[in-house]
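Line by line, the protein sequences give chains A and B.
So for the first sequence, our numbering puts the first residue at 3; every next one is plus one.
So for the second sequence, our numbering puts the first residue at 3; every next one is plus one.
None of these hints come from the bench; they were simulated from the model.
Careful, some of the hints might be misleading.
Copies of the same chain look alike in the list, so a pair counts if it fits in one copy or across any two.
Stated by the list, open to error - In the DSS-like style, the derived pairs of lysine-lysine whose C-alpha atoms are separated by at most 25 Å in a straight line are:
1. K129 x K59
2. K46 x K19
3. K10 x K59
4. K11 x K130
5. K170 x K11
6. K185 x K130
7. K59 x K11
8. K135 x K170
9. K46 x K170
10. K11 x K135
11. K129 x K81
12. K59 x K170
13. K11 x K55
2 protein chains.
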Amino acid sequence: MEFSELLKKRRTIRRFKQVQVFDKDIRYILEAARVVSCGGNVQKIHYIVARDKQLVKDIFDNTTWAGLVSPDRNPEWGKNAPLTFIILTAPEDSGSVMQANAGAAVQSMEYAAEDVGLGACWIGAFKKDNVEKLLGLPEQEETLYIMAIGYPDEEPVQEDIDSGESMKYYLDGDDVLHVPKFKTEAIADWR
Amino acid sequence: MEFSELLKKRRTIRRFKQVQVFDKDIRYILEAARVVSCGGNVQKIHYIVARDKQLVKDIFDNTTWAGLVSPDRNPEWGKNAPLTFIILTAPEDSGSVMQANAGAAVQSMEYAAEDVGLGACWIGAFKKDNVEKLLGLPEQEETLYIMAIGYPDEEPVQEDIDSGESMKYYLDGDDVLHVPKFKTEAIADWR
Numbered sequence: 003m004e005f006s007e008l009l010k011k012r013r014t015i016r017r018f019k020q021v022q023v024f025d026k027d028i029r030y031i032l033e034a035a036r037v038v039s040c041g042g043n044v045q046k047i048h049y050i051v052a053r054d055k056q057l058v059k060d061i062f063d064n065t066t067w068a069g070l071v072s073p074d075r076n077p078e079w080g081k082n083a084p085l086t087f088i089i090l091t092a093p094e095d096s097g098s099v100m101q102a103n104a105g106a107a108v109q110s111m112e113y114a115a116e117d118v119g120l121g122a123c124w125i126g127a128f129k130k131d132n133v134e135k136l137l138g139l140p141e142q143e144e145t146l147y148i149m150a151i152g153y154p155d156e157e158p159v160q161e162d163i164d165s166g167e168s169m170k171y172y173l174d175g176d177d178v179l180h181v182p183k184f185k186t187e188a189i190a191d192w193r
Numbered sequence: 003m004e005f006s007e008l009l010k011k012r013r014t015i016r017r018f019k020q021v022q023v024f025d026k027d028i029r030y031i032l033e034a035a036r037v038v039s040c041g042g043n044v045q046k047i048h049y050i051v052a053r054d055k056q057l058v059k060d061i062f063d064n065t066t067w068a069g070l071v072s073p074d075r076n077p078e079w080g081k082n083a084p085l086t087f088i089i090l091t092a093p094e095d096s097g098s099v100m101q102a103n104a105g106a107a108v109q110s111m112e113y114a115a116e117d118v119g120l121g122a123c124w125i126g127a128f129k130k131d132n133v134e135k136l137l138g139l140p141e142q143e144e145t146l147y148i149m150a151i152g153y154p155d156e157e158p159v160q161e162d163i164d165s166g167e168s169m170k171y172y173l174d175g176d177d178v179l180h181v182p183k184f185k186t187e188a189i190a191d192w193r
């Protein structure tokens with residue numbers, strides 16, 4: 003899809019169809035992850051692609067979703083994403099630059115997911131120790147983020163807001179998620 | 003451009019044509035910045051768009067580029083980017099999540115820039131205090147990153163590498179920058 007079209011839709015999805023993601027699409031998402039910018043080009047970030055149903059469920063049970071519309075968008079099992087990416091690094095690299103690198107990778111992966119009809123949720127709230135134990139990670143590995151990915155079973159709507167307006171996302175009476183985003187005029191100062 | 007096409011070319015550029023960037027393209031890059039994922043949707047990141055030649059020069063003088071091929075890709079003034087974005091946040095928000103949010107925004111901006119024929123360099127090495135003074139920032143504002151943007155005057159080449167190979171970028175005899183990136187097999191573990 004044209005990149006300009008990808009920008010027009012909300013990509014963050016928290017309800018998913020129970021349909022498996024194709025391997026070729028997983029590889030495309032990894033392709034989008036590997037080619038991002040990276041401070042010093044060090045590329046210390048790597049990924050676990052979890053598809054095994056029990057592993058996905060065990061990780062899912064350690065995640066928390068969308069605090070402002072809880073519990074409605076903390077999906078019940080059965081509306082979960084069938085695919086989970088775990089984003090990892092070595093602990094000595096988990097400083098601020100590594101966080102920025104991870105953010106860049108996640109954003110690129112989200113676009114790639116959207117490009118093949120998938121939705122994703124970038125999850126920072128999870129029980130790290132439990133997830134690391136579940137994955138049997140060696141000590142030199144650390145989880146940074148989780149991404150849940152699957153075919154969307156909801157259509158969130160973006161609201162464009164002015165400076166000073168509330169950015170709190172909310173569910174309307176039809177259970178549609180509204181996500182306020184500041185207009186460009188509200189985020190930029192031209193000099 | 004198709005997103006899949008955007009993934010194929012190196013976007014990080016450090017030599018630029020001395021041609022101004024259109025306002026509509028600046029707004030498109032800001033559009034790509036504002037719609038990214040953001041923890042809790044808090045959107046604390048904002049931007050200064052610097053186009054004034056003296057301001058761009060003063061900021062440029064406080065930046066350091068591409069350590070591994072220094073000084074060849076620390077562009078001399080005259081090969082500089084005519085446009086500089088400064089990525090800012092409030093200090094109380096500059097923790098790890100804010101860094102991740104900034105990384106997501108920068109990556110999205112890079113794709114938007116590439117989509118309209120521009121190149122960009124994401125700069126983390128700059129004299130923060132000097133730049134903040136130059137911009138006359140109030141105390142509650144903090145610079146996170148700088149992005150230099152303009153029409154590319156170089157064509158870096160990506161090299162696909164296996165696990166264990168060197169990720170150090172280098173210049174060849176023809177002054178072309180080569181950027182090694184790990185293949186997907188080297189960064190992912192499927193379970």
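To see whether the hints hold, each was checked on the structure:
For the homomeric pair K129 and K59, the shortest alpha-carbon distance inside one copy (14 Å) is at most 25 Å, but the shortest distance between copies (46 Å) is not. With identical chains, the CA atoms of K46 and K19 are never at most 25 Å apart, being 33 Å at best within one copy and 33 Å at best between copies. In this homomeric assembly, K10 and K59 never come within 25 Å of each other (Cα to Cα): the closest approach is 31 Å inside a single copy and 35 Å across copies. Taking the shortest Cα distances, K11 and K130 never come within 25 Å of each other, neither inside one copy (30 Å) nor across copies (35 Å).
In the homo-oligomer, the alpha carbons of K170 and K11 lie at most 25 Å apart inside one protomer (18 Å), although the nearest pairing across protomers, at 37 Å, exceeds that limit. Proximity of K185 to K130 under the C-alpha cut-off of 25 Å is found in neither arrangement, the shortest distances being 35 Å within a copy and 27 Å between copies. Within a single copy, K59 and K11 get their C-alpha atoms no closer than 28 Å, and across copies no closer than 37 Å, so neither meets the 25 Å cut-off. In this assembly of identical chains, K135 and K170 lie within 25 Å of each other by CA distance neither inside one copy nor across copies; the values are 34 Å within and 33 Å between.
For the homomeric pair K46 and K170, the shortest alpha-carbon distance between copies (13 Å) is at most 25 Å, but the shortest distance inside one copy (34 Å) is not. Proximity of K11 to K135 under the C-alpha cut-off of 25 Å is found in neither arrangement, the shortest distances being 36 Å within a copy and 38 Å between copies. Taking the shortest Cα distances, K129 and K81 sit within 25 Å of each other inside one copy (20 Å), while across copies they are farther apart (48 Å). For a Cα distance limit of 25 Å, the shortest separation of K59 from K170 qualifies neither inside one copy, at 29 Å, nor across copies, at 39 Å.
Neither within a single protomer nor between protomers do K11 and K55 lie at most 25 Å apart by alpha-carbon distance, with minima of 29 Å and 36 Å respectively.
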